[in-house]
Amino acid sequence: MVSARLSLVDWLREELRLTGTHVGCEHGICGACSVMFDGEPLRSCLVFAVQANGHRITTVEGLAKPDGSLSVLQDSFCQTHALQCGYCTPGMLIAAQGLLEANADPTEAQIREAIGGNLCRCTGYQQIVDAVRLAATRLSEGAK
Amino acid sequence: MTMAEHPAPGGFRYIGTKRRTKEDPRFVAGRGRYAADIALPGMKHVALVASPYPSARIVSIRAEAAFALPGVRYVLTVIWYALCGLIGWKLG
Numbered sequence: 001m002v003s004a005r006l007s008l009v010d011w012l013r014e015e016l017r018l019t020g021t022h023v024g025c026e027h028g029i030c031g032a033c034s035v036m037f038d039g040e041p042l043r044s045c046l047v048f049a050v051q052a053n054g055h056r057i058t059t060v061e062g063l064a065k066p067d068g069s070l071s072v073l074q075d076s077f078c079q080t081h082a083l084q085c086g087y088c089t090p091g092m093l094i095a096a097q098g099l100l101e102a103n104a105d106p107t108e109a110q111i112r113e114a115i116g117g118n119l120c121r122c123t124g125y126q127q128i129v130d131a132v133r134l135a136a137t138r139l140s141e142g143a144k
Numbered sequence: 001m002t003m004a005e006h007p008a009p010g011g012f013r014y015i016g017t018k019r020r021t022k023e024d025p026r027f028v029a030g031r032g033r034y035a036a037d038i039a040l041p042g043m044k045h046v047a048l049v050a051s052p053y054p055s056a057r058i059v060s061i062r063a064e065a066a067f068a069l070p071g072v073r074y075v076l077t078v079i080w081y082a083l084c085g086l087i088g089w090k091l092g
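From first to last, the protein sequence lines are chains Z and Y.
Going by my numbering, 95 is the number at position 95 of the first sequence; the sequence numbering is gapless.
Going by my numbering, 35 is the number at position 35 of the second sequence; the sequence numbering is gapless.
Hint data in this document are derived by calculation from the structure and do not stem from the laboratory.
Keep in mind that this is a model prediction, so the values were computed, not measured.
Glycine is no exception: its CB is placed at the ideal position from the N, C-alpha and C atoms.
One or more hints might be untrue.
[As the list claims (entries may be wrong)] Just a sample of chain Z residues kept apart from chain Y, beta carbon distances all over 12 Å, derived:
id	residue
1	1
2	42
3	53
[As the list claims (entries may be wrong)] Every beta carbon over 12 Å from chain Z, so not counted as near; a handful from chain Y, in silico:
id	residue
4	11
5	21
6	23
7	61
8	67
9	69
10	72
11	73
12	76
13	77
14	82
15	83
16	86
17	88
18	90
[Stated by the list, open to error] Once the Cα atoms are required to be at most 27 Å apart in a straight line, the calculated DSS-like pairs of lysine-lysine come out as:
id	chain 1	residue 1	chain 2	residue 2
19	Y	44	Y	90
20	Z	65	Y	44
21	Y	22	Z	65
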């Protein structure tokens, strides 16, 4: 039984103990709490857990391959040093995942637009843009 | 890119070479461990209450209403801390 006032992010973190999804601003500005909601990025601090009933949610923990190894996108973040503290990273990965699923060959401007709703306070955005671009290239070359 | 494409100018093993960060894989996998991710048995949470007045003298702190809330274990005020310090009592 889920309390009607419980946000989706609190349910994921506190009830399911999926703490990869982070709580940043709690009012939809920072994007750290982003999850895939029926295949599209969504801020899980802005919806109640009960609203997710019947929908398909993927958190950062679900981005890895079935065998647990890193996805091409996750590995690309490591390759280009797209994180320092890592707090914004789950949201960045979700935003990038949503972009790449809709657009396999995004331009730098499209990448910047896609992560425009996600705040990073340490790395700066260039390496994150580089990571998404690298992932797109790798995926187009058939990397699994 | 691989490390082989970036030979160190000075022939060093680490300096000047392109290297991966050891801790990154767990962060991109959602397995970082931040303070807010930690859940210990019997762990309690703190809610800080700031003064609602920008400039005022504290005459008293009445905690009855806070204590009456379900699940409230302690209401800590500066007076409480001073008493604990005097008798050397620690929170359990």
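Hint by hint, here is what the structure shows:
The beta carbon of residue 1 (chain Z) is kept farther than 12 Å from every beta carbon of chain Y, the shortest such distance being approximately 17 Å. Annotated as non-interface, residue 42 (chain Z) keeps its C-beta farther than 12 Å from every C-beta of chain Y; the closest such distance is 16 Å. Listed as outside the interface, residue 53 (chain Z) is consistent with that label: its C-beta sits roughly 23 Å from the nearest C-beta of chain Y, beyond the 12 Å cut-off. Its beta-carbon lying about 23 Å from the closest one in chain Z, residue 11 (chain Y) satisfies the requirement of being farther than 12 Å from that chain.
At the 12 Å boundary, the C-beta of residue 21 (chain Y) falls inside the reach of chain Z, the nearest C-beta of that chain being 7 Å off. The claim that residue 23 (chain Y) is not at the interface with chain Z is violated, since a C-beta of that chain comes within 12 Å of its own (minimum 8 Å). With a minimum CB-CB distance of about 28 Å to chain Z, residue 61 (chain Y) clears the 12 Å threshold, and the non-interface call stands. A cut-off of 12 Å between C-beta atoms confirms that residue 67 (chain Y) is not in contact with chain Z; the least separation is 23 Å.
No Cβ of chain Z approaches the Cβ of residue 69 (chain Y) within 12 Å, the least distance being about 16 Å, so the stated non-interface status holds. Against chain Z, the non-interface label of residue 72 (chain Y) holds: every CB pair exceeds 12 Å, the least being about 18 Å. Residue placement check: residue 73 (chain Y) keeps its beta carbon more than 12 Å from all beta carbons of chain Z (closest about 18 Å). The beta carbon of residue 76 (chain Y) sits about 23 Å from the closest Cβ of chain Z, which is more than 12 Å, so the claim that it is off the interface holds.
Residue placement check: residue 77 (chain Y) keeps its beta carbon more than 12 Å from all beta carbons of chain Z (closest about 27 Å). Listed as outside the interface, residue 82 (chain Y) is consistent with that label: its C-beta sits roughly 34 Å from the nearest C-beta of chain Z, beyond the 12 Å cut-off. Taking the minimum C-beta to C-beta distance to chain Z, about 33 Å, the non-interface status of residue 83 (chain Y) holds against the 12 Å cut. Annotated as non-interface, residue 86 (chain Y) keeps its C-beta farther than 12 Å from every C-beta of chain Z; the closest such distance is 37 Å.
Against chain Z, the non-interface label of residue 88 (chain Y) holds: every CB pair exceeds 12 Å, the least being about 35 Å. At roughly 27 Å from the closest C-beta of chain Z, the C-beta of residue 90 (chain Y) stays outside 12 Å, upholding its exclusion from the interface. In summary, the hint linking residue 44 (chain Y) to residue 90 (chain Y) is supported, as the alpha carbons are separated by about 15 Å, within the 27 Å threshold. A C-alpha spacing of about 36 Å is found between residue 65 (chain Z) and residue 44 (chain Y), which places the hinted pair above 27 Å, so the restraint is violated.
At roughly 20 Å between alpha-carbon atoms, residue 22 (chain Y) and residue 65 (chain Z) fall within 27 Å of each other, so this suggested pair holds.
In the structure shown, a violation is registered for the earlier hints numbered 5, 6 and 20, in ascending order.
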